[in-house]
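So the protein lines, in turn, are chains L and W.
Take 1 as the starting number for the first sequence in my numbering and just add one per residue.
Take 1 as the starting number for the second sequence in my numbering and just add one per residue.
Warning: the hint list may mix true and false statements.
The list cannot tell twin chains apart, which means a pair is met if one copy fits it or any two copies do.
Stated by the list, open to error - Under the rule of at most 20 angstroms between Cα atoms (straight-line distance), these lysine to aspartate or glutamate pairs were calculated in the DMTMM-like manner: (1) 6 to 555; (2) 532 to 340; (3) 511 to 202; (4) 403 to 348; (5) 403 to 275; (6) 532 to 504; (7) 530 to 215; (8) 437 to 278; (9) 288 to 189; (10) 288 to 375.
Hints listed in this document are in silico derivations from the structure and should not be mistaken for laboratory results.
Protein chains: 2
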Amino acid sequence: MAKEKKVAKLIPLGGVGEIGKNSLLLEYGNDLLMIDAGVMFPEEELHGVDLVIPDFSYVVERADRLRAILITHAHEDHVGALPYLLKQLGRKVPIYGLPLTVGLIEPKLHEHHVLRYADLIGVSGPERFSLGPFGIEFVPVSHSVPDSAAIVVRSPVGTMFFTGDFKFDQMPVASTPPDLNRLREIGDEGVKLLCSDCVRIERPGVTPSERVVTEALDGIVHDAKGRVIVTTFASNIIRLRQAIEIAGRYHRRVAVVGRSMEQNIDVAARLGYLDIPENVVVPFEDLKQAPSREVMILTTGSQGEPTSALSRIAMGDHPLVRIIPGDTVVISATPIPGNEETITRTIDNLMRRGASVLYPPVVPNIHVSGHASRDELRALLELLRPAYAMPVHGEYRQMVHYKGLAVETGVPQDRVVFAEVGDVVQVTPEGISHDGKVRAGSVLVDGLTVGGVTQVVLRDRRHLAEDGVVIAAIAVDRETGELLSGPDVTARGFIAAGASSVLEQGAARLKRALERRPVGEVEYGYLNRKIKDILGSLIFSQTRLRPMILPVVTEI
Amino acid sequence: MAKEKKVAKLIPLGGVGEIGKNSLLLEYGNDLLMIDAGVMFPEEELHGVDLVIPDFSYVVERADRLRAILITHAHEDHVGALPYLLKQLGRKVPIYGLPLTVGLIEPKLHEHHVLRYADLIGVSGPERFSLGPFGIEFVPVSHSVPDSAAIVVRSPVGTMFFTGDFKFDQMPVASTPPDLNRLREIGDEGVKLLCSDCVRIERPGVTPSERVVTEALDGIVHDAKGRVIVTTFASNIIRLRQAIEIAGRYHRRVAVVGRSMEQNIDVAARLGYLDIPENVVVPFEDLKQAPSREVMILTTGSQGEPTSALSRIAMGDHPLVRIIPGDTVVISATPIPGNEETITRTIDNLMRRGASVLYPPVVPNIHVSGHASRDELRALLELLRPAYAMPVHGEYRQMVHYKGLAVETGVPQDRVVFAEVGDVVQVTPEGISHDGKVRAGSVLVDGLTVGGVTQVVLRDRRHLAEDGVVIAAIAVDRETGELLSGPDVTARGFIAAGASSVLEQGAARLKRALERRPVGEVEYGYLNRKIKDILGSLIFSQTRLRPMILPVVTEI
Chain L
1 MAKEKKVAKL
11 IPLGGVGEIG
21 KNSLLLEYGN
31 DLLMIDAGVM
41 FPEEELHGVD
51 LVIPDFSYVV
61 ERADRLRAIL
71 ITHAHEDHVG
81 ALPYLLKQLG
91 RKVPIYGLPL
101 TVGLIEPKLH
111 EHHVLRYADL
121 IGVSGPERFS
131 LGPFGIEFVP
141 VSHSVPDSAA
151 IVVRSPVGTM
161 FFTGDFKFDQ
171 MPVASTPPDL
181 NRLREIGDEG
191 VKLLCSDCVR
201 IERPGVTPSE
211 RVVTEALDGI
221 VHDAKGRVIV
231 TTFASNIIRL
241 RQAIEIAGRY
251 HRRVAVVGRS
261 MEQNIDVAAR
271 LGYLDIPENV
281 VVPFEDLKQA
291 PSREVMILTT
301 GSQGEPTSAL
311 SRIAMGDHPL
321 VRIIPGDTVV
331 ISATPIPGNE
341 ETITRTIDNL
351 MRRGASVLYP
361 PVVPNIHVSG
371 HASRDELRAL
381 LELLRPAYAM
391 PVHGEYRQMV
401 HYKGLAVETG
411 VPQDRVVFAE
421 VGDVVQVTPE
431 GISHDGKVRA
441 GSVLVDGLTV
451 GGVTQVVLRD
461 RRHLAEDGVV
471 IAAIAVDRET
481 GELLSGPDVT
491 ARGFIAAGAS
501 SVLEQGAARL
511 KRALERRPVG
521 EVEYGYLNRK
531 IKDILGSLIF
541 SQTRLRPMIL
551 PVVTEI
Chain W
1 MAKEKKVAKL
11 IPLGGVGEIG
21 KNSLLLEYGN
31 DLLMIDAGVM
41 FPEEELHGVD
51 LVIPDFSYVV
61 ERADRLRAIL
71 ITHAHEDHVG
81 ALPYLLKQLG
91 RKVPIYGLPL
101 TVGLIEPKLH
111 EHHVLRYADL
121 IGVSGPERFS
131 LGPFGIEFVP
141 VSHSVPDSAA
151 IVVRSPVGTM
161 FFTGDFKFDQ
171 MPVASTPPDL
181 NRLREIGDEG
191 VKLLCSDCVR
201 IERPGVTPSE
211 RVVTEALDGI
221 VHDAKGRVIV
231 TTFASNIIRL
241 RQAIEIAGRY
251 HRRVAVVGRS
261 MEQNIDVAAR
271 LGYLDIPENV
281 VVPFEDLKQA
291 PSREVMILTT
301 GSQGEPTSAL
311 SRIAMGDHPL
321 VRIIPGDTVV
331 ISATPIPGNE
341 ETITRTIDNL
351 MRRGASVLYP
361 PVVPNIHVSG
371 HASRDELRAL
381 LELLRPAYAM
391 PVHGEYRQMV
401 HYKGLAVETG
411 VPQDRVVFAE
421 VGDVVQVTPE
431 GISHDGKVRA
441 GSVLVDGLTV
451 GGVTQVVLRD
461 RRHLAEDGVV
471 IAAIAVDRET
481 GELLSGPDVT
491 ARGFIAAGAS
501 SVLEQGAARL
511 KRALERRPVG
521 EVEYGYLNRK
531 IKDILGSLIF
541 SQTRLRPMIL
551 PVVTEI
């Protein structure tokens, strides 16, 4: 019998050359494993789009072969697409993660009515288990949510190490320090491929420990004369834990404002990741009569999201919380690229209402990143000494910088693997090479529709957003083509002042043109084109604008 | 004879509580002076808007009383609104500035066909002159364009000092170092009010000298094996000057790509602000055959603007320039807030084409700001010792930080003046106080229309952008109300997959409802509402989307 060829395929469905929708597929023989299934938040130009998820076609077509989904940690860009994926798979799938990870996933799946498709399995850190040809090990790492893990996959083609999101925090707040010896041991075993987070490689040195935030927050809360309002990511359980501890230290009670944050705190407390003394966290109503010095408010909105609690507080539009002069607001987060304007506007509005607002980098150490900087990424490369390295969780320039770093640590230039979304990376005992592409990409979620927003729809939305729409309605006799009514020319989102004159001129010019037209059976395409040409050129010559022109021809 | 009351009014028309459209009015008796008339670049949510300019109504209504416009420096956020203002004033106005400033303004006014309204007057730095009750002095300062000036206005109510944009560059590249003694002398005279740039107050310390860029650029050009492509703001004459000098030093010839940059270099060279050795700056065509090591390209697009030269080069879409592997691209600029995504996308695309891309802060010192950091702002306060201080050129939080700084240097808390756009700040020999508001705000420019885009238009554009538009056309008999044709329901920018089924169901439901309707004369409002209600609720229940629904009712 000929020896069967050992081949694994690694297929990133997202998260390479982009920030967000992290998801990787691993295929060996008949078995598929998925690592993470995250969402991406849409750029501004994706008008109206709520979320972007990976195109899961490849795995959905092979749904029966999917052994399990392994989750590194419970951030939206790693788990947010699970509900959509499960709905598409339409079958029950084992989902593995450390205990808090599966704990945080559960209510989200419940909300989407897909909990029945999930077999949620909590894994303890050091445990090893097998899934078909794959040997799995979860290695705890530090990040901004507890129970974050790297995942080691041992397979017939070698050992692959997936970092998830990580940093080396030597004094972490909610976990043990990174087990560098364990990492070195795994390196000693021989790592074929390291797939590493690279999003923060542009920063030199190491990311500061979460511990520096403890000190900074402690000082702020100690000094504050009034209420302290702290905002951070709803998922940043570690930061929330620190804030609650410090509040307790200075005899402040804590109200949590913002649904996602309340939910995460509930789950984390229930699973033992947050030790909340009795009567410290209370409903906001209970604090209405409390002296300002005894109040802390934890709230969502650290990115200035327009509908978030903090943004509404800043606008004076929140049903419960109003800013009182003397309030100290701590923005314990940095803007995700693209959110700079919304967050600075929120800061400005909070200040206009009399709050003192502390934000990075003006006030240092009130936020630290959960991601490894360059020297930590280098340390991991040096501990694991992989034969091949592949940057993930980064945009293209970050992947390029990671390549430079990997080469510095001894990985040969041609063994740094660059994969784009959908690329098939073939791993054999002999080496790693590209092997074509599978269908993959972005699927846009808008309201209840998944995939209904296409490039054509987006192009139309962009056009409509730019200069609005002009509607020209006429009624013609079906047989003679005679103009029975109209043209009525109206507009929305075009221009106000001066528009009526342009539109009236357009209607008059159109009417003359249509009346001149030889009478006969209606040619729909001809009429459409005529209306667009006449109105379009008149409007452009007078305004230099190109609204979308929609002819409405009714045949009677 | 009763002593007449001395009152000056200072009215910011823009630039306070916002970045951009810097413009201040100064009024004394019958005389008006304007300092700067800048534009603001629209935020993303101002769909389709090209530019934002100040509402100049107050000065336009008093056009005959406007003595002059004084310009601090030739950046768009200080001069970009001049063409619109001059058109509205409809009369010739003296415009004063240092020589390069008026030199750079001239071609812009010419392009807008308003040069006939401008009496451009170049001022030499130390010169003093009078305009009615105002004594004017231009004080040269360092900034990223040569011939930037602060403006001192002496008036019967005291001396006012307007910084314009400035930093204290002790080793400037294209000007003499700041004359601190002159500033101290002005302080000795007594300054009633300091209106200070505050945009960079969140940065501690001092802004590095432009000189550090010289060294960094020199090293890069020295080491580069291939072509060097440098991008910066088209108006950053100082940076361009350095790049050209360094190119000459290493025997590279320079091609300039990007119309605004070519124009600015022409003006600066003609007026003696750029000393270009013969045959160093040449058309790009002349460099096609040149060895890569002998080529430098200067290009616009440092903000990743989609239609800019660099962005098109990055997309492989530029008519002249294509990236060759081995090219070094230097991004000698930092993103203006809001532009982070476009510039990182440009960097990624340049790297995908094989360029090595150097950008801040990953590569340090290839850009420095033209604005004063906190310690420089403090130094100016200490030199001038103003009785009152008013932060301008900043958002609200920056104004708040400036207030803290002014108080630190000895300005009493209640003498730090906060003005919003349109506020009248009344200055008398006795003191400074608020005195109501005048009509002021933002006017939106879209194509040829100025002010045609209103809040209603923007709201409609936002609505259209979000979920698209659904058009429901029916024809009814004018007298009987009988449905003659339709409903025809079509959509644009809505959703693709699944849309036809929703729209067909909508049409059918609408048809039933309209046919059930008691026959009689057409009630237009009733039909409109009916169509919107029926379609809107069906679409929302099936998709959770709310497209704009436009009924088109034709009466025959």
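Unsatisfied constraints (hint numbers, rising): Per hint list: 1, 2, 3, 5, 7, 8, 9 and 10 violated.
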